[in-house]
Every structure is written in structure tokens, then in C-alpha cells.
Amino acid sequence: QKEVEQDPGPLSVPEGAIVSLNCTYSNSAFQYFMWYRQYSRKGPELLMYTYSSGNKEDGRFTAQVDKSSKYISLFIRDSQPSDSATYLCAMTPGTASKLTFGTGTRLQVTL
Amino acid sequence: KAGVTQTPRYLIKTRGQQVTLSCSPISGHRSVSWYQQTPGQGLQFLFEYFSETQRNKGNFPGRFSGRQFSNSRSEMNVSTLELGDSALYLCASSLANYYEQYFGPGTRLTVT
Numbered sequence: 001q002k003e004v005e006q007d008p009g010p011l012s013v014p015e016g017a018i019v020s021l022n023c024t025y026s027n028s029a030f031q032y033f034m035w036y037r038q039y040s041r042k043g044p045e046l047l048m049y050t051y052s053s054g055n056k057e058d059g060r061f062t063a064q065v066d067k068s069s070k071y072i073s074l075f076i077r078d079s080q081p082s083d084s085a086t087y088l089c090a091m092t093p094g095t096a097s098k099l100t101f102g103t104g105t106r107l108q109v110t111l
Numbered sequence: 001k002a003g004v005t006q007t008p009r010y011l012i013k014t015r016g017q018q019v020t021l022s023c024s025p026i027s028g029h030r031s032v033s034w035y036q037q038t039p040g041q042g043l044q045f046l047f048e049y050f051s052e053t054q055r056n057k058g059n060f061p062g063r064f065s066g067r068q069f070s071n072s073r074s075e076m077n078v079s080t081l082e083l084g085d086s087a088l089y090l091c092a093s094s095l096a097n098y099y100e101q102y103f104g105p106g107t108r109l110t111v112t
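Residue numbers (our numbering), protein chains in the order written: chain A, 1 to 111; chain B, 1 to 112.
Just so you know, these hints were derived from the structure itself, not from any lab.
Facing chain A, according to a computed beta carbon distance under 8 Å, are these residues of chain B, among others:
1) N56
2) L90
3) F103
4) G104
Which stretches of chain B does chain A cover? Using the computed rule of at least three CB atoms under 8 Å from a CB of chain A, they are:
5) 43–52
6) 95–102
Below 25 Å or equal to it, Euclidean Cα-Cα: the simulated DSS-like pairs (lysine-lysine) are:
7) B/K57 x A/K2
8) A/K70 x A/K2
9) A/K56 x A/K67
10) A/K42 x B/K13
11) A/K67 x A/K2
12) A/K70 x A/K56
Every residue, glycine too, gets a C-beta built ideally from N, C-alpha and C.
Extracted from the complex, chain B is given alone in its bound form (with noise of 0.2 Å):
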């Protein structure tokens, strides 16, 4: 069975710019979660999408927005990039649960 799958894998982009991450889950995962990774902060929580609706939210601003499609792949977009937004960014999927989560490899933006 494949892994999750996310595409770019590394991206630079300009102050102010904005951006879309895409995350395809492992065939038959309906919920598909997003984090950022920084050195200082770690693994922090976006939001979580389950069947196309979103489920959780974590405590970031209102530029960074997500979407789930039916087939459940799904983008994240920040608008207005700044410096502190430079990060991995890691989707993960699971059948339903929160426990049982599967990352992909993640998208290093670079915001310059």
C-alpha cells in the first residue's frame, strides 16, 4: 500500500507571497491532518479534515486554511507569507482515529 504522498517537497517563496501544500492520503484514510515542524517549537498542530469537513483546529492565524476533497486529498494554503512561517510541513492520514496517524515526508518551505 503506498504512503502518504505530499508534494512540492521543498519550496522558497517571498514575503508575502502565499502558498498550497497537497497531501494524498494512504488509500482508504478519510482523515488527514496537518502540522508544522520547527526546531523551537517542534510538532504543532493545523487542522484535521475528516470526509471534507474540518474537524479540529489548532491555535494559528487565520492565513493558514485547509481543504479536503472527496477523494480525500487535501491542500493547505497560507496566504501572506512571513519569515517565521519557514518550516517542515507534515500532513498525516488515519482511517478515523487521532492515535493511529501516518505522516508523509513533509514540505520544507523556505520564506524569504
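Chain A extracted, bound-state conformation (with noise of 0.2 Å):
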């Protein structure tokens, strides 16, 4: 069983839908919690990162982040054509350790 779970999709949702992806864990020892999204043919883009549990809210974007669950959720409001790519959690023990990532979730926003 691999540390990082994520659903690998693709998720087709209707342009203006709230988006929900999510990742699940097994090591206890995550702190830090990481989305990224990736363009076809790009590198991973950093949309946002949390520490420990909670909210992090940044333009049409939340982080949530459930430590107790070892679950964590990306959401997207108001999704535009222009969000459809593929997103990746990734999380590490702290400052100094490597990340790991999920598998990634392709995402496909319609008109």
C-alpha cells in the first residue's frame, strides 16, 4: 500500500462546479501538505501548502487538511476550462525531509 492515495480520475465536472479532490495518508508523521497542479507537458505548479490541520483559503482555492482522518482535500470554487489539468498532493514530516507525492488526479473542466 503506498504511503499517498489519491483517486487518479479523470474528474469531468460542468464549467462554474465546486471541485473536491482529495488524498489520503498512512504516516502519522506528515506535517506539511502540499497541491499542485500540472499542465500537460509542464512541471507541477505550487498552488498552496498547509501546516498541521486546518483551512488555508486562497482566491477560488481551499486547503483542508484533517490529521486525525489522515485526510486531506483541495477545493475549487467557481472551476473555469482553464483549471482542467492534473492535481497532486504531496506532504513531508518536515521543513528538511523529501515529499511524497500522490499519484495525481486529472481533472477535465467542461463548457
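Quick one: dock chain against chain with the hints and give me the complex.
Dropping the structure here:
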């Protein structure tokens, strides 16, 4: 079993929908949680990171961490076709420890 | 501020050959990490260099090696290439920590 599990999708939603992307993990030592967006043939782009449990909002994006359930989420409000990409979660125990990535969820936002 | 750059962007090599990939981090960033991305395994950590020292290493064979120069630029070398080494190799830089890494566009390596 992988340390970080992520549904590969694809997830198809209509423009304007609220999107929920999720990851579960098994290592209770993880403290920092990141979300990356990767367009086809590009490198991953850091969207946001959170420390420990709680919520963090940045524009249309909200990251949520529930350490008790070992479950993290990324919500995208008012989704746009330009949000169509693969979303990767990543996590690490500390500032000087390597990242462990989920395999990514492919999102398609249709007109 | 310029982003992370990687050269070359595409590479085709034959089994048994070796290859060197280059990464220039964002100005001021001292940490450079390397990752291998494949459809089956996703993003896997290779190693990280900070101030010219390898600070962390993933679970890859010794054929994969790297180094970092005093200007923080980094190179990754793969010797005795195998078909399974075909992948997108990504480099990411950060000031010092792992949770705020910025990725380059990657080098797509095809081994035939």
C-alpha cells in the first residue's frame, strides 16, 4: 500500500462547479501538506501548502487538512476550463524531509 | 524573477549509454531536488542538494547520481541507461525547505 493515495480520475465537471480533490495518507509523521497543479507537458506548479490541521484559502482554492482522519482536500470554487489539469498532493514530515507525492487526479472542466 | 530552467528539454538515448541533465534554480534558491515522473509510479524523489551537499536521497540505484555547484546549479547523471529509465525528470528549487518547492518544465528522456 502506498503512503499517499489519490484517486487518478479522470474527474469531469461542468464550468462553474465546485470541485473536491482528495488524498489519504498513512504516515502520521506528515506535517506539511501541499497541492500542485500540472498541465500537460509542464512541470508541477505549487498552488498552496498548509501546516498541520486546518483550512487555508487562496482565491478560488481552499485546502483542508484533517490529521485525525489522515485526509486532505482541495476545493476549487467556480471551476474554469483553465483549471483542467492534473492535481497532485504532496506531504512531508518536516522542512528538511523529502516530499511524498500522490499519483495525481486528472480534472477536466467542460464548457 | 526567472523560474527554474532545465536543459535539455528532450533527449533520446540508447540502452547502455549515460546521460547528464542540467538544472538552474531560481536565483537565491540553495536547495535543488530531482524527481522522476512516470505514468505508473508518479513522482518519485531521487535526491536533494543543499549548498553543494547531498542532504537527502531516495530509493534509486547508484546509477543515478547528482551534484551541485557553488552557484546552486545542479546536474543529474544516469549511467548505463535502461529502458525503464524513460521518464520525465523534474528538478525543483527552494530557499531551504521542502514544502515550498518550485518545479522546472522537466527533461523528457526516452531510452530505446
